[in-house]
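Protein chains in written order, with the numbering used here: chain R, 5 to 165; chain H, 5 to 165.
Worth flagging that the hints you see were computed from the coordinates, not collected in a lab.
Keep in mind that this is a model prediction, so the values were computed, not measured.
All residues carry an ideal CB built from backbone N, CA and C; glycine is no exception.
Please note that the accuracy of each hint is not assured.
Cut-off 27 Å, straight-line C-alpha distance, at most; resulting in silico cross-link-like pairs (BS3-like, lysine-lysine) [unchecked claim]:
hint	chain 1	residue 1	chain 2	residue 2
1	H	K124	R	K163
2	R	K40	H	K124
3	R	K100	R	K46
4	R	K100	R	K28
5	H	K28	R	K84
6	R	K17	R	K163
7	R	K17	H	K17
8	H	K40	H	K87
9	R	K87	H	K46
10	R	K40	H	K46
11	R	K28	R	K87
12	R	K87	R	K17
13	H	K124	H	K100
14	R	K46	H	K87
15	R	K163	H	K115
16	R	K163	H	K84
17	R	K46	H	K115
18	H	K17	H	K124
19	R	K28	H	K84
20	R	K46	H	K124
21	H	K124	H	K28
22	R	K84	H	K163
23	H	K124	R	K17
Sample of chain R residues with no beta-carbon within 10 Å of chain H, all distances over it, derived [what the hints assert, rightly or not]:
hint	residue
24	F67
25	G68
26	R72
27	Y92
2 protein chains.
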Amino acid sequence: MNQQDIFVQMALKAWTTQINQANKFFDSVNDEVLLKEVAPGKNRIIYLLGHLIAVNDSMITLFGLGERSYVHLDDPFLRKPDKAVSDYPGAAQLRKDWNSANETLSSHFAKMSPEDWFRKHTAMTDDDFRREPTRNKLSVLINRTNHVAYHLGQLVLAKEK
Amino acid sequence: MNQQDIFVQMALKAWTTQINQANKFFDSVNDEVLLKEVAPGKNRIIYLLGHLIAVNDSMITLFGLGERSYVHLDDPFLRKPDKAVSDYPGAAQLRKDWNSANETLSSHFAKMSPEDWFRKHTAMTDDDFRREPTRNKLSVLINRTNHVAYHLGQLVLAKEK
Numbered sequence: 005m006n007q008q009d010i011f012v013q014m015a016l017k018a019w020t021t022q023i024n025q026a027n028k029f030f031d032s033v034n035d036e037v038l039l040k041e042v043a044p045g046k047n048r049i050i051y052l053l054g055h056l057i058a059v060n061d062s063m064i065t066l067f068g069l070g071e072r073s074y075v076h077l078d079d080p081f082l083r084k085p086d087k088a089v090s091d092y093p094g095a096a097q098l099r100k101d102w103n104s105a106n107e108t109l110s111s112h113f114a115k116m117s118p119e120d121w122f123r124k125h126t127a128m129t130d131d132d133f134r135r136e137p138t139r140n141k142l143s144v145l146i147n148r149t150n151h152v153a154y155h156l157g158q159l160v161l162a163k164e165k
Numbered sequence: 005m006n007q008q009d010i011f012v013q014m015a016l017k018a019w020t021t022q023i024n025q026a027n028k029f030f031d032s033v034n035d036e037v038l039l040k041e042v043a044p045g046k047n048r049i050i051y052l053l054g055h056l057i058a059v060n061d062s063m064i065t066l067f068g069l070g071e072r073s074y075v076h077l078d079d080p081f082l083r084k085p086d087k088a089v090s091d092y093p094g095a096a097q098l099r100k101d102w103n104s105a106n107e108t109l110s111s112h113f114a115k116m117s118p119e120d121w122f123r124k125h126t127a128m129t130d131d132d133f134r135r136e137p138t139r140n141k142l143s144v145l146i147n148r149t150n151h152v153a154y155h156l157g158q159l160v161l162a163k164e165k
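Only chain R is shown next, with the shape it has when bound in the complex (with noise of 0.2 Å):
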């Protein structure tokens, strides 16, 4: 292995471990959990859920991989607080969203030459990508990677000990 796939399997890695302990959490709690709020009056774990789908999904534009499957879930989840909004999708269907969400990012994420993981994402002119080498991909997955970990460490504290 040479030092850029090193890398990058670093931050995959880390990617993964985070992707995991979210999933592992959500798989243990029920859909009437899933309506708690993670502290009083704060975000109910059904809202981290639909907005964790979301916020990763914009990998896809941001990388240039297709079009995405979940932009419907930015405005109830993303742009719009909890509790906002009555009509989004119900837990079942979340679900399915998060793990086929996981799913797609994955297989595209396998396909991805280091190269390409060091290359500029789309949202990046390329006079800025010269200016700021290290705003690539691979930055923003691990940018995501933190904001995966940031939430789940607010998720743990909606379950009982």
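With chain R held as given, fit chain H onto it using these hints.
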């Protein structure tokens, strides 16, 4: 910048982002708020402050950078759960330790070469490292960054809207 420099800069940037966010949080709460739990029955903010200092400080020995300065925080903030120990350092001391620990880490990190980040940490054997070259110092930093993000997600819940 060569590829290796770029990887290291990316990981360090993600680390600094999380530390700055945590910094901003701790600076924004007074000593009274520091004694609040992040959610009912969960860890207090002061426990997470001590916990982050202890966990991050362990990189000093793990990276072979010298002796740890905050090993005495491991017992009250890492090995034991919150509220199990009553004689831990006070808020003023922990705030000082947090800043000082971050400065020490930053100054060490600034002196480490990109090659060094890709070497094994002290808890790995040569054989292990040959089998798993992704388990280098930089992977520890990436994990620690996710660890800060995880607890930061909890800390922000304790703040009033």
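Inset, instruction - Starting from K163(R), check that the Cα of K84(H) is at most 27 Å away, please. - result: Given pair K163(R), K84(H) holds - Cα atoms ~20 Å apart, limit 27 Å.
Legend entry - 27 Å Cα cutoff - pair K40(R), K46(H): It holds: about 16 Å lies between the C-alpha atoms, which stays within 27 Å.
Inset, instruction - Take a quick look at whether K40(R) and K124(H) sit within 27 Å of each other, Cα to Cα. - result: 43 Å, violated
Legend entry - Given pair status - K87(H), K40(H), alpha carbons within 27 Å: 12 Å, holds
Inset, instruction - Take a quick look at whether K124(H) and K28(H) sit within 27 Å of each other, Cα to Cα. - result: 32 Å, violated
Legend entry - Satisfaction of hint between K46(R) and K100(R), Cα-Cα up to 27 Å: 24 Å, holds
Inset, instruction - Starting from K46(R), check that the Cα of K124(H) is at most 27 Å away, please. - result: 41 Å, violated
Inset, instruction - Could you grab the alpha-carbon distance between K87(R) and K46(H) and see if it respects the 27 Å cut-off? - result: At roughly 24 Å apart (the allowed maximum being 27 Å), K46(H) and K87(R) satisfy the hint.
Legend entry - Restraint check for K46(R) with K87(H), where alpha carbons must lie at most 27 Å apart: Judged against 27 Å, a Cα distance of about 24 Å means the pair holds.
Legend entry - Given pair status - K163(R), K17(R), alpha carbons within 27 Å: Satisfied, since the Cα-Cα distance of roughly 26 Å is no more than 27 Å.
Legend entry - Claimed clearance of chain H by R72(R), with the beta carbon kept past 10 Å: About 24 Å separates R72(R) from the closest Cβ of chain H, which puts it past 10 Å; holds.
Inset, instruction - Take the C-alpha atoms of K84(R) and K163(H), compute the straight-line distance between them, and say whether it is at most 27 Å. - result: 20 Å, holds
Checked against the numbered hints given earlier, the structure breaks hints 1, 2, 12, 13, 15, 17, 20 and 21 and satisfies all the rest.
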